[in-house]
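Chemist: Chains B and C: place on chain A using the hints.
If you read the sequences in order, they're chains A, B and C. For the first sequence, the positions run 1 to 306 when this note's numbering is used. For the second sequence, the positions run 1 to 285 when this note's numbering is used. For the third sequence, the positions run 1 to 434 when this note's numbering is used.
There's no promise every hint is true.
[To be verified] Below are the PhoX-like pairs computed for lysine-lysine, each with C-alpha atoms no more than 20 Å apart in a straight line:
id, chain 1, residue 1, chain 2, residue 2
1, B, 69, C, 48
2, C, 95, C, 129
3, A, 199, B, 69
4, A, 64, C, 434
5, C, 411, C, 247
6, C, 434, C, 241
Rather than coming from a laboratory, the hints here were simulated on the basis of the structure.
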Amino acid sequence: MKIELNITKANMFEWARNYCFVLPAIAIFSVFYIYPFYEIFNLSLHEWNGISPNRVYIGFENFKELMQDEVWWSSLVHAGYITLIALTFQNTLAFALALACDREIKLKKFYRVVFFIPPVLSEVVVGLIWQWILHAGVQGGEQIGLLNRFLDKIGLHHMVNDWLSDPKTALTCIAVVHSWKGFGWGFIILLAGLQTIDKQLYEAARVDGATSWQSFRNVTVPMMVPVILVVVILTVLGSMQVFVLILSMVNQGLVFHTEVPVTRILVAMTGTNRFGYACAMGINFGVVLIMISLLFKIISSRMKQA
Amino acid sequence: MIQCNKYRLYSGAKNFGINVFLLSVAVTCLFPLFWMLRCSFMSLDTIFVDKSLIPPPLVFTNYITAWTKGNFGVYLLNSVIYTASVVVGIVIISSLAAYAFSRLEFPGRNFFFYMFVLALMIPLPGSFVPLVVMMNKIGLANTRIGYILCMINVGLSMSILILKTFFDKMPSDLEDAARIDGCGRLLIWWHVALPLARPAIAVIVIFNSLNVWNEFILAQLLLNDEALMPLQKGVMLFTNTNSVDYPVIMAGLVISVTPIILVYLAMQKHIIKGLTSGTVIGESC
Amino acid sequence: MKKIAHVVCVVIVGVAIFCNITGCVRTPPEKNVVTVWHWMTDRDQAFKELAARYEEQTGIKIKINLYAPSDAFSRKVVASAQAKVLPDIYGILGKKKIFASFIEGGFVVDLTAEFQKDNKQWEKSLFPKALAANRFVEGNVYNTPPGIYGVPIDVTNIQMLYNKKLLAKAGIKHPPKTFAELLAANKALARVGVSGLVSGFGEAWMAECFASNYAFNIMGQEKVFATYRGEVPYTDPDWLKVFTVFKTLTEEGVFARGIVTKGNKYAEQDFALERAAFSFNGSWCVNVYHKMNPNLEYGAMLPPAISTEYPMRIWGYAGSSFVVNNHSVRKDTAIAFLKWLTAAEQQAYLARETKNLPANRRALASVPDVLSDFAEVMDQTTHPSIWPLDESSLVLEKFDKGLQSIIIGEKTPEQIAQEVQEVKEREMAKQKRK
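Bound conformation, chain A alone (with noise of 0.2 Å):
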């Protein structure tokens, strides 16, 4: 009995020293998350327009209402087209030169600090520098954007498009030149990533005689699982909360064909002024992005065991 007493009271006192470690980023949390989260949650159940003295509470009514709002689910949707774009083509362009910048190959530095130049550039200068790619217009006869200029030149000129104001490819262009302005992320985290894979686990499948592509099957990707996740889950965080670029590229939107939730959210603050519904859409994107995020966790720990 005593002794038993004895060992929970050295699990105390071990556990509050294990506790001194998250302790600092657990009173940062509580302060700068939880209590506005709190705050948020609170103005999400009030009909108020972020300046009036009074505010109604209208309890569920704003996430009742958001439940029917078409725009709101398609932007959704749309977050969820630049999402699956920037998965797909980014992090398998981010995958693919991490490798290779893995290898003895010249130029290696030359590359590590190059792939990292799109993610430092402002989206000013992104902004500005797609705008002038895809401009659409014409000037004495001439193409003035850089792509349609191109594709005037070498004769396809059915394929000359104003290409953010088509709803069939301006989401598509904000996704790619999202992925290209993403990639450098992935890019060296995959990197790091691949430098902790023990060298002699490679040299182990040379000695079995695998061929790289085998040892790639083999030893890369089990290694690399986990790290590949975060990467996932940071694209599909970032991908999602995307708004800055395409603010620069397509300004206030086409129609509703580029919306969307983070500049659905600022429509609904600082437009519209329905700060509670705001509130609620932020709520509701956050439920869907943990469902999503479990969705992976699901996906990968079947991976893991297959």
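Modeler: For chains B and C alone, kept in the frame of chain A given last:
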């Protein structure tokens, strides 16, 4: 012999392919930077007209104009202070927490970890109102420390997630050895775990430096005085005030991008192989 | 090398910690300092120069703080209002309803008495149109006590501009006055390879403004207001005509390609680089065009009228206004500064430096040439902020997006009229339930 040549040819072709691929991606990345530099050396009369690759008269005055008009001296110092403080803060706080989540035992470990992960998912669009109200109540509004704490919070969740993933992946033999040698957990964290996680910490440093360096919305909300504002506010004001003076805007942007590229240059070196030797422990304990 | 890096790191962290600590010590608010928050990046330098002059004359220090872009500024003001830390003088952005909420919340001083002092001296010195944006009339829909609550700094109006050289190249003698002339002019321009009209329709309010101009021309003010009150549906033939203007201008190729998502910054660039013959833009453009292309030869004109029944009305209003914080302890000092700022001399300086139309009538003499084109039509202007009522923001959103749909040929004017009317009815039902 023939076999050998064939192999060489094959791997040569493969290398060539890889190089072409890498180069073409690199060109698309370099192009905007080159374009920025090019524009920053032109004058307003030529920028819309001159289409040559490198414009003949290089105009350096744009940089002087940008520096003085944009009041970059003050802003730059502020940004360095903010970035350094936030990054140091985040690296210490998040690596402590991530190490505990990965290696130490305590009740509610998973609960707290998932709390941080969930925070990544739920954006708080209107949180600026309660945030400003709270900061004023506790007297941290319009202070550097208040802004730094806020920015630490912004990067915390993501850093913990990345670091925990890397700690989980790392073999624990070295730590076990250190423990046997009688190192306390704080010493193990500092002397074993942190050096081993160097690539991941480099990623975190890059990630958060960029984040703090490019931030100005929160800064404008929490800070009032011009003397406390970070660089991006200067850049943004500057782009709006000279909305058409592209050469000067580009010069300002080049100035603002350079430090962060330097940080990346310094950090990416740490994303390297070869942290296997056991000497680390010998030195530390 | 490594050592140096370490030393540098230690120094940076040391400086950071030092600055943090010193940053914590807050200086108590000084008595003779008036703080101004604004969002006008283009006018910041001029304001600061004027503040310096004011200090020289009176010994009162004016601190001008700029927060931008305007979205960030409104967020700052909204949050600071909740935290009760607004400065002595600030600006309110957004619809008049928001202005009314600020007044209701007790954040704004009623300046009526000040304006009417000494036989309404201050009030009379300013353009009535500029004051109207800050005035709440008897029986307004917001239930705000009547009075003047803000001080206009300048006035703005939005018109069409034409490129003289390009018009001459197409053999067009005078800028089009009627809609038919505009279409004819566009045909002539197309023959010489020149695009028609460019504007920043990517910023929804600009398309809304263009539509509003034609709505006033087609059906007159009373019917527009009746629509907002819900007495006339958006499916009315007159509104259909307004929507059809956009369809016609698209089909005839008057709208430049890519207009729907173009930011005004890029639209201004296109017009300044002579990529389009017409532009729809505000009076601030004089400054922008002057910087981009000093040799640009252009003039201002009203949007070509489509109907002769009612006059064309363009938007014109107080471009920017300041209010005084009701909780400030330096109200009188703040008001005195605003009086000085709107006096003829300072207004003339602002007009010269920033090429904006002054709010003070007497300063008008000193504005540049093209700007006087804008000033001339100030009598023909109107603006939502001076209307006694306003349309629901959700209806307007649908309306603005509908205009885009028409331009990209996705929907017909009839469909859009129907859709906007549906939102209108839903909003009216919501109002009634309250």
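Chemist: Each hint needs a verdict: does it hold in this structure or not?
Modeler: Here is what the structure says about each hint:
Between the alpha carbons of residue 69 of chain B and residue 48 of chain C the distance comes to roughly 13 Å, so the proposed pair stays at or under 20 Å and holds. Among the hinted pairs, residue 95 of chain C with residue 129 of chain C is consistent with the structure: their alpha-carbon atoms are about 16 Å apart, no more than 20 Å. The hinted pair formed by residue 199 of chain A and residue 69 of chain B fails the criterion: a straight-line CA distance of about 53 Å is larger than 20 Å. For the hint linking residue 64 of chain A to residue 434 of chain C, the alpha-carbon distance of about 17 Å falls within 20 Å, and the restraint holds.
With a CA separation close to 10 Å, the supplied pair residue 411 of chain C and residue 247 of chain C stays within the 20 Å bound. Under the criterion of a C-alpha separation no larger than 20 Å, the hint pairing residue 434 of chain C with residue 241 of chain C is inconsistent with the structure, at around 34 Å.
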